[in-house]
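Novice: So the chains spell out like this:
Protein chains: 4
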Amino acid sequence: MSKFNETTRGVYLITVTPFKDDGALDLASTDRMVDFCLEQGVDGLTILGIMGEAPKLTAEESRTFVRQVLNRVNGRIPIVVGASAPGFASMSELTKSVMDLGAAGVMVAPPPSVRTDDQICAYFDMVNETLGPDVPWCLQDHPGATTVQMSTAVVLRILRNSPRCVMLKHEDWPGLAKLSAVRAATAKGELRRISILTGNGGGLFLPEELVRGADGAMTGFAYPEMMVEVCKAYFAGEVERAFDLYDAYLPLAKYEQQAGPGLAVRKYILARRGVIASDAVRKPGPKLSALDIADIERLIARQERKLRALA
Amino acid sequence: MSKFNETTRGVYLITVTPFKDDGALDLASTDRMVDFCLEQGVDGLTILGIMGEAPKLTAEESRTFVRQVLNRVNGRIPIVVGASAPGFASMSELTKSVMDLGAAGVMVAPPPSVRTDDQICAYFDMVNETLGPDVPWCLQDHPGATTVQMSTAVVLRILRNSPRCVMLKHEDWPGLAKLSAVRAATAKGELRRISILTGNGGGLFLPEELVRGADGAMTGFAYPEMMVEVCKAYFAGEVERAFDLYDAYLPLAKYEQQAGPGLAVRKYILARRGVIASDAVRKPGPKLSALDIADIERLIARQERKLRALA
Amino acid sequence: MSKFNETTRGVYLITVTPFKDDGALDLASTDRMVDFCLEQGVDGLTILGIMGEAPKLTAEESRTFVRQVLNRVNGRIPIVVGASAPGFASMSELTKSVMDLGAAGVMVAPPPSVRTDDQICAYFDMVNETLGPDVPWCLQDHPGATTVQMSTAVVLRILRNSPRCVMLKHEDWPGLAKLSAVRAATAKGELRRISILTGNGGGLFLPEELVRGADGAMTGFAYPEMMVEVCKAYFAGEVERAFDLYDAYLPLAKYEQQAGPGLAVRKYILARRGVIASDAVRKPGPKLSALDIADIERLIARQERKLRALA
Amino acid sequence: MSKFNETTRGVYLITVTPFKDDGALDLASTDRMVDFCLEQGVDGLTILGIMGEAPKLTAEESRTFVRQVLNRVNGRIPIVVGASAPGFASMSELTKSVMDLGAAGVMVAPPPSVRTDDQICAYFDMVNETLGPDVPWCLQDHPGATTVQMSTAVVLRILRNSPRCVMLKHEDWPGLAKLSAVRAATAKGELRRISILTGNGGGLFLPEELVRGADGAMTGFAYPEMMVEVCKAYFAGEVERAFDLYDAYLPLAKYEQQAGPGLAVRKYILARRGVIASDAVRKPGPKLSALDIADIERLIARQERKLRALA
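Residue numbers (the working numbering), protein chains in the order written: chain A, 1039 to 1349; chain B, 1039 to 1349; chain C, 1039 to 1349; chain D, 1039 to 1349.
Each hint can be trusted.
Chain copies aren't distinguished; within one or between two, either way the pair holds.
Calculated pairs, DSS-like style, for lysine-lysine (alpha carbon to alpha carbon, straight line, at most 30 Å):
hint, residue 1, residue 2
1, LYS1325, LYS1134
2, LYS1325, LYS1226
3, LYS1344, LYS1292
4, LYS1041, LYS1270
Honestly, the hints are just simulated from the structure, not real lab data.
Make the full structure from the sequences, and use the hints.
Specialist: Spelled out as structure tokens, the structure:
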């Protein structure tokens, strides 16, 4: 099995959390979703992230969902669990619980309350202390969701201070310059090699990020096969083919990436593909209109035509 | 016993959560703090608010602390519990649990993600649905902490749509005009009477707010007797005496109200007064310097002189 | 000549402000840029917007630039000038000055200081009073730049209260639902017909917005012919062709839309196309790296291949 | 005459900008206000700051007002002019213009768009370049107005990089720790001596800030004599008397410090004291209600009683 460490490459899919129409956790769909991801060739899964509606679950539901995913995966690929929490006591409790269940590691984003470079770095010193020497973790750099802007200098400081931080989830936007700067720091011997998976919604800059040295993607998209194939083509040296594949999916990826409605779009398509039984999103959450669905159906039809032309 | 309802008057103290020096919950100090509050004459307690370091507790610690306070109070005064949560499933679970333990009601603030009037009102429609017809609750209007700015029109809409919202915790700043507008709406028959307790840190505008029609204070301060005595004097018609008492405490209240260090100041004074055993604040949290402590000691000495002059 | 009013359709290009390498205004390039826009078939120009680096010009430079553009256009198409200002005295002064020079109207966005529905509407009442009955204006709804979130209800209130507001620059993101709601209000007779031009960077949702009833685009892109051709095809009933054209440009539009570097990308391409002499951006502003330029060149080459295939 | 440099001590009053009832600049009141400030013993004036409604003036009105103040002062005390601007071209133009008129220096705050340590420092490098070697300037650290949080490390970096920055306007809140840290840096030889004037509204922490090493205050208050007397007493070694004086004014200072209504309170009192002819505030701006005025009158009456007791 692939490992969650500094050399990780490929696609870690951010999964949704499937609900039934009445809002209850849907464990059968959870199993089906795991199977689907494995069939599409993803290299890992990330669960209980923002797009997984984690804050809308009770603590007990979170545990149930994590357990279900880990059981179904059964060690075939690594599972990373979102462990951002308003306090270190909860972060510690959650981390211990999911590592005991078999998670490969956790992912942590900074809370909105930290602003200056020193505040951000001090926060991650406490994260290090909280997670301890045995838990590999991923630093999530996602100012769009957290409002925390980490300069390249801060990211480098955190990575240097955090021996167990093995991965950067690169989700700043625009962020290509930061990605290049982190890779350059390693090239100059100023930073050990770390894994960088990119997370701009649906992989919206995936090929440009691969060119800059990303190891792959950690994000969600209703067509994970796009990210798998683009990475495969790129790492096989077929750069233009990677771009061609990606371009075929871009119009729909762009549509699915809309903050807010995006999650409903993703669940609609996953339900349409038979992966999950219901596209229910818990409140407060978006609902699709008939006009939204017409948009999606047109984009899917166009996408299928383009893929046939590429095949 | 006084009730938590639309007619509530007096002082609901926002308590701290006492920790031992090692950061563990200090249940003996919790009991002593409850006794102290009752001796000072407060009319109710509010626990697990922001100044109670609620987000830094695990779910289990929260339950333990609530249980300890409720047991010690033993029905002598109403206890309100902060129930703001990132999702409605957690809010429902927490509310059910504390009401079962004997809480008088809960307090809810909007999440930072709601911005427009319609978003805020829709959020509280879901709060109503979540809390149901049996749980009286307090609307917390605290833009300084939540970043959500509720206009007077929005506060009135929420109060009209929420039959079980019995109290407004008025904590907008500056907010005197809003307070007057809510009272005027009731005077004009546009809104049923509700209780308004004010919450500007340490009661920083308490006498002005009483003049505008506030029913008292819901906030924290290391000298709750100030708020109790100011309210008593004011409601007894001794307006200038209410201002005199308040003015004697204002320099220290102002110092304790500093966002960030304020909680450490409060715990320092409570420990100094023998109420809690340790002034420990959980990380991430403020620490006092020697200069801070010198400031506090000077302000306490000056305050004691003024109170002797007033006696 | 086409008019700037409630029936306006087509493409209003947000122009850049050309500088020489030393940062001085480049009036020769300004003329060439105007000629280029007219050749590409745009229906109007919008100058002194955010992407025009308006805040980096002195008052005198702004006047010079406006005069130069108006002289070169010489009445062939309408010119709209950004008139957002920190105070109404400046807004009034600027508006009078550009209308006297021959502008067709102005564009106003709300300042970051207004938050609640009532604050936003009160602000635009003052805008109405300031601009008076003779100046047609465009309401810019761009929360990404202003941080002001206007709900559909607020947009409708402003449009109803503003008899001279003839156009909505629709730039909220995601904003398709709001666009449909404004059109529905007119269909139901709740709002007079207004022009809606969309502004998501480089027309990033242009075809979807046309489907929702937009009248065209008001945004910047180094290939204005894309927006012109997409609108023409769409309004001629060739919907799939409109999407095909758009898809050919999308990868580069997406790249140019990056907040920050985007302006440098746009000026780089305009200089490469011979429209402006220098790609200089005034400080503080972005600079392109060699890696950025390699990205752009690849995307241009790919775009040209796709356009040949479509021709 | 006292100088505006690294050794400046005392009170620089942030003045209001007087308007007539119809909103026009009131130059007669401007003269009277200057005379009043000189009579009260202030050591300098700061004009065109936020509380001076600078953004609501046209460029021409700003020049007129600056000229009027400088003429009336006629070199008796230094005048500092707010020069924060959205672009460096405007900052340069404004600075040159006011220095030519006889200003002692300018004051600059960072724009809301800079967030990370590196962005803030890079911004002030450009400020240095823009202002040049001949203009002494004051760094305004006021996150409440700018949203820019500058850590102590960043303030020290800016001061080290800026040979002509002679003063820190210390307005972070809470900010006592930062003030102590800047003074400690000088004590340790890590930073040259600079002047620190504090600016928390109405001098709300003035005595505590003097204890920490502040050189005085740069802020506005309708009773500038309070700040003058507090500083004199403190620097004469009468520490408790400084606190006593301050405490007599604190309830009204607190009331005047309310963001929003505060400016209307200040102008109301200045008009009541005969300093300015009208309390008009330009739109958008606050208006006082009858209840507000009743509050102010009560606080003034109480303050006068306390001052008589102290005399």
